[in-house]
Amino acid sequence: PSALLGALSGLQPDEGLIYVTVLLRIYETGGPITDTARTLARRTGLTERRAGAAIEGLAEARPNP
85 PSALLGALSG
95 LQPDEGLIYV
105 TVLLRIYETG
115 GPITDTARTL
125 ARRTGLTERR
135 AGAAIEGLAE
145 ARPNP
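Be aware that the sequence shown starts at 85, since it is given in the numbering used here, and climbs by one per residue.
These aren't lab readings, by the way, just hints derived from the structure by calculation. Treat the hints with care, as some may be off.
As the list claims (entries may be wrong) - Across the chosen pairs, the derived CB separations fall in these ranges:
{"#": "1", "residue 1": "S86", "residue 2": "R122", "range": "25 to 35 Å"}
{"#": "2", "residue 1": "G114", "residue 2": "L88", "range": "15 to 25 Å"}
{"#": "3", "residue 1": "L108", "residue 2": "R146", "range": "17 to 27 Å"}
{"#": "4", "residue 1": "R133", "residue 2": "S86", "range": "31 to 41 Å"}
{"#": "5", "residue 1": "A143", "residue 2": "S93", "range": "24 to 34 Å"}
{"#": "6", "residue 1": "G141", "residue 2": "L108", "range": "16 to 26 Å"}
{"#": "7", "residue 1": "E132", "residue 2": "S86", "range": "14 to 24 Å"}
{"#": "8", "residue 1": "R109", "residue 2": "A145", "range": "11 to 21 Å"}
{"#": "9", "residue 1": "T131", "residue 2": "S86", "range": "30 to 40 Å"}
{"#": "10", "residue 1": "G141", "residue 2": "I117", "range": "10 to 20 Å"}
{"#": "11", "residue 1": "S86", "residue 2": "I110", "range": "15 to 25 Å"}
{"#": "12", "residue 1": "A145", "residue 2": "I117", "range": "11 to 21 Å"}
{"#": "13", "residue 1": "Y111", "residue 2": "S86", "range": "12 to 22 Å"}
{"#": "14", "residue 1": "G90", "residue 2": "E144", "range": "12 to 22 Å"}
Ideal placement from N, C-alpha and C gives every residue a C-beta, glycine not left out.
I would like the entire structure built from these sequences, with the hints used as guidance.
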């Protein structure tokens, strides 16, 4: 849990919710997912705009290899 809590600590609330939801979906399906902002909005209760903004924020926060 320490790694997950560390990852969540720097995120905005919407980003954290999307991040955890995506992680759970990956575990649920056993691999990569194709969920869209619309799908994640339905799963989280966020608007599609907020879900999309959270996804963009997560993509921007991703460290460069």
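State, for the Cβ atoms of T131 and S86, whether the hinted interval 30 to 40 Å holds or is violated.
-> 32 Å, holds
E144 and G90 - C-beta distance against the hinted 12 to 22 Å | 18 Å, holds
Take the C-beta atom of Y111 and the C-beta atom of S86, compute their distance, and say whether it sits inside 12 to 22 Å.
-> Between Y111 and S86, where Cβ atoms are some 18 Å apart, the hint holds.
CB of G141 to CB of L108, is that within 16 to 26 Å?
-> At 19 Å between Cβs, range holds.
Within 11 to 21 Å or not, the Cβ separation of A145 and I117?
-> 19 Å, holds
Falls inside 25 to 35 Å, the C-beta gap from S86 to R122?
-> 33 Å, holds
Look at the Cβ atoms of S86 and I110 and judge whether their distance stays inside 15 to 25 Å.
-> Taking Cβ atoms as reference, S86 and I110 lie about 19 Å apart, which means the hint holds.
Lying within 24 to 34 Å: is that true of the beta-carbon distance A143 to S93?
-> Distance hint for A143, S93 is violated at roughly 19 Å.
A145 and R109 - C-beta distance against the hinted 11 to 21 Å = At roughly 19 Å between Cβ atoms, A145 and R109 fall inside 11 to 21 Å, so the hint holds.
Should the hint that E132 and S86 are 14 to 24 Å apart at their CB atoms be regarded as holding?
-> With Cβ atoms ~33 Å apart, the hint is violated.
Is the distance from the Cβ of G114 to the Cβ of L88 consistent with 15 to 25 Å?
-> Cβ of G114 to Cβ of L88: about 19 Å, so the range 15 to 25 Å holds.
Given the hint of 17 to 27 Å, check if L108 and R146 actually sit that far apart at their C-beta atoms.
-> Distance hint for L108, R146 holds at roughly 19 Å.
Hints 5 and 7, counting from the list given before, are not met by this structure.
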